[in-house]
Every structure is written in C-alpha cells, then in structure tokens.
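Engineer: Residue numbers (my numbering), protein chains in the order written: chain A, 123 to 484; chain B, -16 to 65; chain C, 157 to 494.
Among the clues, some could well be false.
What the hints assert, rightly or not - Derived pair list, reagent style PhoX-like, types lysine-lysine, alpha-carbon separation capped at 20 Å:
#1 B:Lys20 <-> A:Lys150
#2 A:Lys421 <-> A:Lys171
#3 A:Lys480 <-> A:Lys449
#4 A:Lys171 <-> A:Lys139
#5 A:Lys171 <-> C:Lys475
#6 A:Lys255 <-> A:Lys206
#7 A:Lys150 <-> A:Lys171
#8 C:Lys393 <-> A:Lys171
#9 A:Lys149 <-> A:Lys171
#10 A:Lys480 <-> C:Lys441
#11 A:Lys446 <-> A:Lys171
#12 A:Lys149 <-> A:Lys251
#13 A:Lys206 <-> A:Lys139
#14 C:Lys438 <-> A:Lys480
#15 A:Lys480 <-> C:Lys295
#16 A:Lys139 <-> A:Lys149
#17 A:Lys139 <-> C:Lys393
#18 A:Lys421 <-> A:Lys206
#19 A:Lys255 <-> A:Lys149
#20 A:Lys381 <-> A:Lys150
#21 A:Lys139 <-> A:Lys308
If you're looking for bench data, these hints aren't it; they were derived computationally from the structure.
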Amino acid sequence: MELFSHNHLRNREAIRKLADEIQSVSKKPVRLMEVCGGHSMAIYRFGIKSLLPATIELLSGPGCPVCVSSQQYLDGCLELSRQKDVMIATYGDLIRVPGSSSSLERERSRGADIHIVYSVTEAISLARKNPEKKVVFLGIGFETTAPASAYAVLQARNQGLQNFFLFSAHKVMPPALRALVDEHLKIDGFIAPGHVSSITGTEIYRFLSEQYGKGVVVSGFEPLDLMQSILLLVRQAERAEPAVENQYKRVVRPEGNRKALGLLDTVFELADDHWRGLGIIPLSGLQLRDEYSRWDARKHFELPASAWKEPAGCICGEILKGLKTPKECPLFDRTCTPANPIGACMVSSEGSCAIVYKYNRN
Amino acid sequence: MCLGIPAKVIRVENDRALVSIGEIEYEANIGLLEEVKPGDYIILHTGFGIEKVNEAEAAETMRLIREIEQGLPEKQDGTIQS
Amino acid sequence: MEEPRIMLAHGGGGSLMNDLIRNLFIRYFANPVLSEQSDSAVVRLPGDRISFTTDSFVVDPIFFPGGDIGKLAVCGTLNDLAVSGARPLYLSVSFILEEGLLLSDLERIVQSMAETVAQAGVSIVAGDTKVVPKGKGDKVFITTTGLGFLPEEFVEISSGNTIRPGDIILVNGSLGDHGIAVLLQRESFQFHSSIQSDCADLYSVIREVLEVCPTVRFMRDATRGGLATVLCEVAEKRRFGIELDEEQIPVHPAVAEACEMLGMDPLYIANEGKVVLVVPEKDAKKVLEVMRNHPLGSNAAWVGRVTGEYPGKVIMKTKLGGTRWIDYLTGDQLPRIC
C-alpha cells in the first residue's frame, strides 16, 4: 500500500515546493480548464486555487455526467420509474436530480421501486432475483463508466437475462472538447480527466494540441498530481509549445485499455446526443447497437418525448463552457441551493455550482 | 468525474477478483482487464477494474515526490514524470 | 421443525402475547417495577430536574458488526441523556414487530438490550409491543424513552449558551465507524471489512469528564449527520465561529478508504458512540487525558476551537494548509460514481 498512500500524494511540503515552482515559472496569464468533476472537487477540497499565483485561472468544464445529462433523459428516467413492474437501479448521483416535474427521490416516495447501486453488477443481480420485474439500469457517465454497462449488457445476453435493460446516457469526451474549442473560448490548456483517459488513452486529445494549439495534460486526482499537471501546462504556455503530456502515467497508457474499448465498440455505437448547456453534439453519445436492442430501455419502453426547457435564469450552460462562474449566476445561493437546486450544476455534488457552494461560498 | 481508487488484487477467479483497499476487501469485476494476477494493483471504478497500475511508474512518482520535497532538481526536462 | 416466528397473534392481547411478555421481556429486563405489569410505571427520582428524551430506531440490517438494533436503541437514548449532563435512570421500550420476524432474532435483540441496560445500571420500567402484518414494517422498529436526573450545575450543557471564543472542541474517538459499518453490510454490496460500529453507552466516560471539568460548555452525540452537522448546529446564529483542523480529526483508515471509494465524507457519517465536547481551553488537556484513559476514548482528539471570527460558520483547515467551509449536508450521503 505504501506505493499509493494518500499521505505521499497529499504531502504538504512537496505541494508547497511545487507551488513555488509554478509561481516562478508562470509569467503570462493562462486559463486552464479541467473537464472532470473529480478534478474540480479535488481543487476545492484541497484548496488548490489558494496555492496558485494570480496569473493562473482555473475553469471547470463539462466534466460531470449528471450535469450534462439532458432534461429529456431525466424525464425518461422518471417516466420509467412510474411504470408498473419496473425496478430502477441507479448510481446515487442521479437520485435527487430534478426532471421537469419531479425527481427519482420523489418518485420513490410515491412508491416507485428504486435501488441505489454502487456497481452495475448489482443491477444484474437484482434482475436475476426479481424475474417478475423489469430492471432498468440508468447508464450515466463517460468512457470510464460506459464499459461496465457494456459488460453488463453482454452478461445479460450470455445469461439469457430477459428482464434487464440499459437506459443509456453514456457519452464520450472528445466531441464535447471539440465543441468547446470551436466556440473560440479563451482556454490555453486542458487538465484532461485521468480515469476517462485510462480507457481511451492519450491520443484522443491530439487534435487539441495539433489543430487548436491547446495544451493538454492528463492528470491524476491527488493534490500533487494536479499541482504537477498545472506546472506542466504553465511550462507549455510559457514556451508556447502546446502538447499532449501524460502526468498520470502510473495508470494511463497512450493506447488506453484496449479490452474495455473493444467492449464499448461491440455493444455501443456513436449517436448524436444532447448535452445540457452545449446542445446537440454530433456523435457524442453511446447508444446500444441494434444487435443489443433486446436490452435497450429506449426500444423496449415507450417514452414520450418531453419538451426541452432550461430553467429560467439558469446559466448552467455558460458555466459548463467556462464562460461564467457560479457566483455570476443571479440564482446562485439565492433561489438555487443544494437543498433546492434549479440547475444541474447545483444538483450533482460534483457540479461546479455545488462545489463552489460547498467549498467557496463566502 | 469518475471516482477511482487503487486496489490490490488478492485472488482471481475468472472475471472476479477479491481486492483490498487498505483494510477493506471487495469482490471486484476484472472483466475489463487483461491478465490480472494476485499482487497487481488496479484502479477500481463502480466495482470494475478499469486499468492496471503500472508499478514502475508509480514508484517513479513517489521518487519524484521525495525529490520535490527535498528541493526541485536543477535540471528540468519539461516533465516531472509520474 | 420450522423456527418459530412472530405472528399477528403475538400482538393480539391473548395468551401468545402474554407468553411473549413474560418469557421474553420480563425475563430479560427483570426488575420490580416492570414485573408489576401495571398500566404505568411508578418510579422515584432523586430530584426535581429531569431530563426526558425519546428516539425511534430503524436500521437495516438489524444485526451489524459491533451491535444490533436493540443495543442501538438503548445506547442512543442513554446517550441523549448523558450528553445533556444527566444521569440516566429509567427507560421505556416500545417494539413494532413485523409478522414473520424470527423469535430467536427478537430474543437476541432483547438479550442485547438487557445486557446494555444492566451494564449502564438503568432499568427498563415500561414497554409495549405491537405486531404489524408482513410487509407493513421492516422486521423490527424500536422506540425508547429515557428519564434522567439533571444536576443543577449542568443545565446549560445542552443549550451551548456558555460557549465562547477560545474554547476547545474535543471528540472521544474516530468518526464515521457506525455509518460505514452498517453501509458495508448491505447485502448487495460485495464489501468485507473489519469496521465495527462504535455503538456504546457514553455515560461512564462523560461522568469522568464532568468530574474533572464541571464547566464543560457543551456536549452532543454526533449521530446522524456526523461531526460536521453537530458543529454547524452549534455555530448557527451564534456570535462565534468554529475552526476545525482536518489533520487532528481521527478517522479509522478503513473508514477513510471506504469513504474515498464511495464518494463520502467521514465528517458527515453517523456515529453511535461519539460525543463532541466544547470545553474551556484551560481544561482541554485534562479532559483529553481522562478520555484517553477510558476504553471509550482511547482515540480522543482535540479537533478544533471556537473563534471570534466568522460568526455562525464552521471552517476547516485542510491537511494541505488550505481552508474550506463546512456546511450542512443536503439529503443523505449516497454511494456515487463521481
């Protein structure tokens, strides 16, 4: 365990030294975006911003799967939960997210059969133990989480499980990054998500440095990882040499996890998908291939299309793009709080607004 | 976005592995990984191993942290490898 | 032969119910007041200032490492009395049993309650049992009500009105054990750990603390919502703030690991044998020493202080030297992927 002790990766002295180094290297102002809620969380939880010089601005991008899930998807989840004989299995992240009219938590109080799981394998067990129920697993998450869903669908097929269904909102990261830079947002570099990259590898970011001149550093999640990654991005910016670097080599290989990528490709195909705040992004979502439609909740259940409506006054979209910060939102900490969230960025505990509310309100 | 935590593999049986996260043991799914063996470290996310940890690189990270702690080296090749 | 189970008739007032009362409750909880089986218990009290509290207990699973719902129901109410500065004396117990509960499970629970009250030196003097049809309850729910004698000098302990800047915040040991122990027991989770619930009757350690420091400013047991919630409640609408030092907060390594894995924060996780104390700075060392010499306080720690700055707020110095606000939690903590 010694290798991975948090105490090492949270070593105060080493962090202070890295902060000094960043301070001495950083001359020109840079805007760096992290596109992973886990990074945003760590940055606040450990107070990393307070360790950086004024030249460095950190922005939070669309890196929280709950935050970018569309209202239609959430309404679909609620609709499914209301159907007779349906048992919903979901990660805890989704339970409080408001759809147009309700939330899973509220539906549960009205009698919906909703189970919070840590792993999709528990949803498979639920399906096996409750043959009279249709178990719908709510598949949210990016490349990190989607392979587990793919595995579960294959398992359902191999075991002849007829009552397991995946309701996929799985998404892939690169099209969203492209959409962001296409909007000419002023971003000098990206802190790329370490665990997404462990599946995808580092090549998916190549277009950012080569076509758009943005720096990319794939980063781990401990404070020292983040400080190192920031230092690497600052050096790139100072030398005006944008590149893709891998700070998280202990986990991320350039080629990624081929087996997991293979499973994704077997089970899913890319489809246009709606990202909250970013709109429809071509080929950014993962839908089950036709061969697996037997396990596709979208095919099995009739889900009425719900009208798209962003809550009035909510600027989640601009926040997800790094155009505005939560404190610039007129609703923040007034009508929109974690107890009564209006926008998705406040709902998810790793949403930008919820994080700022929790760690940096005053 | 994705909580992941290193876990040490204790026992392997097909796609399942008993792993330890410090004092906690968990029956993880290693169906997304190739050739996992006892003693390996894997990153666990939603109960699945998503990647093996490269121990040589991890050791390098730790070495560099100690180095940083004792003062950053004079020569910088642009990366602090980890 | 199949194991005997609770039937609706056990709550019906007939002979089955009588058997249950006599052969189980009275047998285990034996004391002269209860044996009277009258409509109300008649007890004597040592003074006219009484602490009086009630709490209901539901937990799934009903047996967990380090305790069970019975021990929890006794300790929970005794602790509510003890942290108010009171000496616990009497309890009443009310069971709601679900049809189909194994009688042997009920006996285990009752036995565990009997052992806990015997050790605490208090008596269960009144009780009630109802049985609900299968599916209308979840095995067993227990409500306990407690009476204790509150000495005059401790009347302000539960209000916190005497807390002032400079005071020290102490806890008697590691945080989050109960909540994580119960969570990891969930059937569908494939976790194994040695984490035990900290479920315990705190009166003995609190009594020793009050002996060396009768001017304890405030005490509360950090149950649901954990240490963070207690401190938010303490600071709310006050003229002082609270400054926590993350480095000093004791958390069992396995609890910390489980929290990392499930995306939870030990500061907000339930405890069932932890008291948060606010004491004058001059007494802090003494109180800490007393706790550390007690089996229920071997990991006791000095976790923060009361400050005149940022009134109404709780702030924490992080292990990295940064700071962050501590606020109430919204909703339950749930296992997350992010």
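Engineer: Taking the hints in turn, state whether each one holds.
Structural biologist: These are the hints, each one checked on the structure:
1. B:Lys20 <-> A:Lys150: 48 Å, violated
2. A:Lys421 <-> A:Lys171: 46 Å, violated
3. A:Lys480 <-> A:Lys449: Judged against 20 Å, a Cα distance of about 12 Å means the pair holds.
4. A:Lys171 <-> A:Lys139: 15 Å, holds
5. A:Lys171 <-> C:Lys475: OK: A:Lys171 and C:Lys475 at ~15 Å, within 20 Å.
6. A:Lys255 <-> A:Lys206: Cα-Cα ~9 Å, so holds.
7. A:Lys150 <-> A:Lys171: Since the Cα atoms of A:Lys150 and A:Lys171 sit roughly 17 Å apart, the hinted pair holds (cutoff 20 Å).
8. C:Lys393 <-> A:Lys171: Not OK: C:Lys393 and A:Lys171 at ~29 Å, beyond 20 Å, violated.
9. A:Lys149 <-> A:Lys171: OK: A:Lys149 and A:Lys171 at ~17 Å, within 20 Å.
10. A:Lys480 <-> C:Lys441: 32 Å, violated
11. A:Lys446 <-> A:Lys171: 17 Å, holds
12. A:Lys149 <-> A:Lys251: Violated, at about 61 Å.
13. A:Lys206 <-> A:Lys139: Measuring from Cα to Cα gives roughly 59 Å; hence the hint is violated.
14. C:Lys438 <-> A:Lys480: Given pair C:Lys438, A:Lys480 is violated - Cα atoms ~33 Å apart, limit 20 Å.
15. A:Lys480 <-> C:Lys295: Given that 20 Å is the threshold and the Cα spacing comes to 38 Å, the pair is violated.
16. A:Lys139 <-> A:Lys149: It holds: about 18 Å lies between the C-alpha atoms, which stays within 20 Å.
17. A:Lys139 <-> C:Lys393: 40 Å, violated
18. A:Lys421 <-> A:Lys206: 17 Å, holds
19. A:Lys255 <-> A:Lys149: 61 Å, violated
20. A:Lys381 <-> A:Lys150: Since the Cα atoms of A:Lys381 and A:Lys150 sit roughly 42 Å apart, the hinted pair is violated (cutoff 20 Å).
21. A:Lys139 <-> A:Lys308: At roughly 29 Å apart (the allowed maximum being 20 Å), A:Lys308 and A:Lys139 break the hint.
This entry does not satisfy hints 1, 2, 8, 10, 12, 13, 14, 15, 17, 19, 20, 21, going by the numbered hints stated previously.
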